[in-house]
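Here is how the chains run, residue by residue.
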Amino acid sequence: MDVTSFLMLIYVFVLAIFVGFELITKIPPTLHTPLMSGSNAISGITIVGALLSAGAEEFTISTILGLIAVILAMINVVGGYLVTDRMLKMFKKR
Amino acid sequence: MNIAIEISYLISSIFFIYGIKKLSSPKTARKGNLYSATGMLLAIVVTLLDQNVLTFEWIIIGGVIGSLIGAVLALKIKMTGMPQMVGLLNGFGGGASLLVALSEYYKITYAMPLNTGVAILLSLLIGSVTFTGSLIAFGKLQGIVTGKVVHYPGQHLINVLLFIVVIGVGVYLLMNPANATLVLIIAGVSLVLGVLLVLPIGGADMPVAISLLNSYSGLAAATTGFILENNVLIIAGALVGASGIILTLIMCRGMNRSLMNVVLGGWANAGATDGAGSEGEGPKGDVKSVDAEELAMILEVASNVIIVPGYGMAVAQAQHTVRELMLALEDKDINVRFAIHPVAGRMPGHMNVLLAEANVPYDKLFALEDINNDFANTDVAIVIGANDVVNPAARNNPRSPIYGMPILNVDYAKTVVINKRSLNPGYAGIDNELFYGDNSLMFFGDAKDAIGKLTSEIKNL
Numbered sequence: 031m032d033v034t035s036f037l038m039l040i041y042v043f044v045l046a047i048f049v050g051f052e053l054i055t056k057i058p059p060t061l062h063t064p065l066m067s068g069s070n071a072i073s074g075i076t077i078v079g080a081l082l083s084a085g086a087e088e089f090t091i092s093t094i095l096g097l098i099a100v101i102l103a104m105i106n107v108v109g110g111y112l113v114t115d116r117m118l119k120m121f122k123k124r
Numbered sequence: 306m307n308i309a310i311e312i313s314y315l316i317s318s319i320f321f322i323y324g325i326k327k328l329s330s331p332k333t334a335r336k337g338n339l340y341s342a343t344g345m346l347l348a349i350v351v352t353l354l355d356q357n358v359l360t361f362e363w364i365i366i367g368g369v370i371g372s373l374i375g376a377v378l379a380l381k382i383k384m385t386g387m388p389q390m391v392g393l394l395n396g397f398g399g400g401a402s403l404l405v406a407l408s409e410y411y412k413i414t415y416a417m418p419l420n421t422g423v424a425i426l427l428s429l430l431i432g433s434v435t436f437t438g439s440l441i442a443f444g445k446l447q448g449i450v451t452g453k454v455v456h457y458p459g460q461h462l463i464n465v466l467l468f469i470v471v472i473g474v475g476v477y478l479l480m481n482p483a484n485a486t487l488v489l490i491i492a493g494v495s496l497v498l499g500v501l502l503v504l505p506i507g508g509a510d511m512p513v514a515i516s517l518l519n520s521y522s523g524l525a526a527a528t529t530g531f532i533l534e535n536n537v538l539i540i541a542g543a544l545v546g547a548s549g550i551i552l553t554l555i556m557c558r559g560m561n562r563s564l565m566n567v568v569l570g571g572w573a574n575a576g577a578t579d580g581a582g583s584e585g586e587g588p589k590g591d592v593k594s595v596d597a598e599e600l601a602m603i604l605e606v607a608s609n610v611i612i613v614p615g616y617g618m619a620v621a622q623a624q625h626t627v628r629e630l631m632l633a634l635e636d637k638d639i640n641v642r643f644a645i646h647p648v649a650g651r652m653p654g655h656m657n658v659l660l661a662e663a664n665v666p667y668d669k670l671f672a673l674e675d676i677n678n679d680f681a682n683t684d685v686a687i688v689i690g691a692n693d694v695v696n697p698a699a700r701n702n703p704r705s706p707i708y709g710m711p712i713l714n715v716d717y718a719k720t721v722v723i724n725k726r727s728l729n730p731g732y733a734g735i736d737n738e739l740f741y742g743d744n745s746l747m748f749f750g751d752a753k754d755a756i757g758k759l760t761s762e763i764k765n766l
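Just so you know, the protein sequences line up as chains A and B, in that order.
For any residue, its number in this note's numbering is found by taking its place in the first sequence, counting from 1, and adding 30.
For any residue, its number in this note's numbering is found by taking its place in the second sequence, counting from 1, and adding 305.
One or more of the hints may lead you astray.
Under the rule of at most 20 Å between Cα atoms (straight-line distance), these lysine to any residue pairs were calculated in the SDA-like manner [unchecked claim]: (1) B:Lys383 to A:Asp115; (2) B:Lys326 to A:Val49; (3) A:Lys123 to B:Pro666; (4) A:Lys119 to B:Lys332; (5) B:Lys764 to B:His625; (6) B:Lys593 to B:Arg726; (7) B:Lys381 to A:Arg116; (8) B:Lys412 to A:Thr93; (9) A:Lys119 to B:Lys327; (10) B:Lys669 to B:Ala681.
In short, the hints are calculated from the structure, not lab data.
Please read these numbers as outputs of a predicted model, since none were measured by experiment.
Turn these sequences into a full structure, and let the hints steer you where they fit.
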């Protein structure tokens, strides 16, 4: 990869951090636990990398690692979103 | 890479950002979570269409197993066990990143460009530390691993050395990309580092540890994004990384401690030296205790009551009983509010979720800065299973290890009732002068039993 496209990735990373700071500071303390579990589910985005590893044409050590990664990332994604939803539906006004 | 797939990843990123934005109010939060999940589904589906994904049997097997485990965990876990659950999920995220980094390394070994090499190195380090660190945090919260502050000689030196080993071997790897043993050494040492970093952290510092690990799990995903040159991983990872860091800082501010101090297991040190004075002084007087019947009569004539819940309420699973108390008091036309300290419980927002589970409306819950000035106009403050976060020593004893920590000023209320099982000091191991205050009444007993008894006494009035 050339330097320019690598720099673009850094750009995206830095800007996303700033967006994150802006968004998260506006979230009220009462929702901090669902925020954690919900953002946790988002970090399961590693599933994309796991799928690419597990779905390779030839079966190699990379595929096995990918398979385990798919399992872990799916627990993270499914568990994270479901438990967040379970919590958020309990928050009611009087 | 295919343009359509790239654009779909962009749409996924927008869903994530919009989903988090919707979390800014309890009214829209559930929808926000749904948006975020939609973004994830989209990312998964388009990845399956990627030309590099050619065999599906392993994906299906892994996907089904992972989804089942995730769903069972999410639906079975009790609300009081939420900190463990989040800890465990953090760990799985970190573990997945670690494995993806390893897998990518084995794919490209001989042709590893420098930037990919650096990304793999960071992903291995952060992913591993998140994985084992979170498992230890889970163990501590679940009671499998000791919740106490653990000290052993040279612990900081060992951690620093391990870190230097990881970086040193990492640099050597960048010069010799073909040497797979180096990768395994990096991963192995990082896994050990994760254990050693979290092991010393005590139970009450868990809100900080869990938040920090949350941030790491995001950063691990972002580093995998750098390996795969994939923007959606970088964006999603950066959002989570930022979120975890903000929560970590809020938790640290709630304890008036620096991140370094928490990570190094500071309070026990402070207690051993600075805290000696407060221990030596011994009890500062007699405590007055009260039974349910007397307390009901005191509450009957009150018009403003603030309830301060702490970890003890979670341990006793008393949130539903506490709601019954709220209803009984409201029946007598008493205004009831809840004051939530930022570090009450074992993770950010822990008390809020428990009270929401018990159907306490969220507009009755107030953060420290929003309610602290109202204690002076409050007839009765009821402290349920909280200790250090209401200790006036934080305000007026410069020698106390918790001096400077923001506390809920319950002692300014006309009467303070403290429900506690015994007079044992809190996590910080320091005596609480609140118990000996002139306006303080101890209401001994397990939170569930004691508050239950109190509620029926109030109903009988």
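Checked hints:
no.: 1; hint: B:Lys383 to A:Asp115; result: holds (14 Å)
no.: 2; hint: B:Lys326 to A:Val49; result: holds (10 Å)
no.: 3; hint: A:Lys123 to B:Pro666; result: holds (5 Å)
no.: 4; hint: A:Lys119 to B:Lys332; result: holds (10 Å)
no.: 5; hint: B:Lys764 to B:His625; result: holds (16 Å)
no.: 6; hint: B:Lys593 to B:Arg726; result: holds (14 Å)
no.: 7; hint: B:Lys381 to A:Arg116; result: holds (11 Å)
no.: 8; hint: B:Lys412 to A:Thr93; result: holds (10 Å)
no.: 9; hint: A:Lys119 to B:Lys327; result: holds (14 Å)
no.: 10; hint: B:Lys669 to B:Ala681; result: holds (18 Å)
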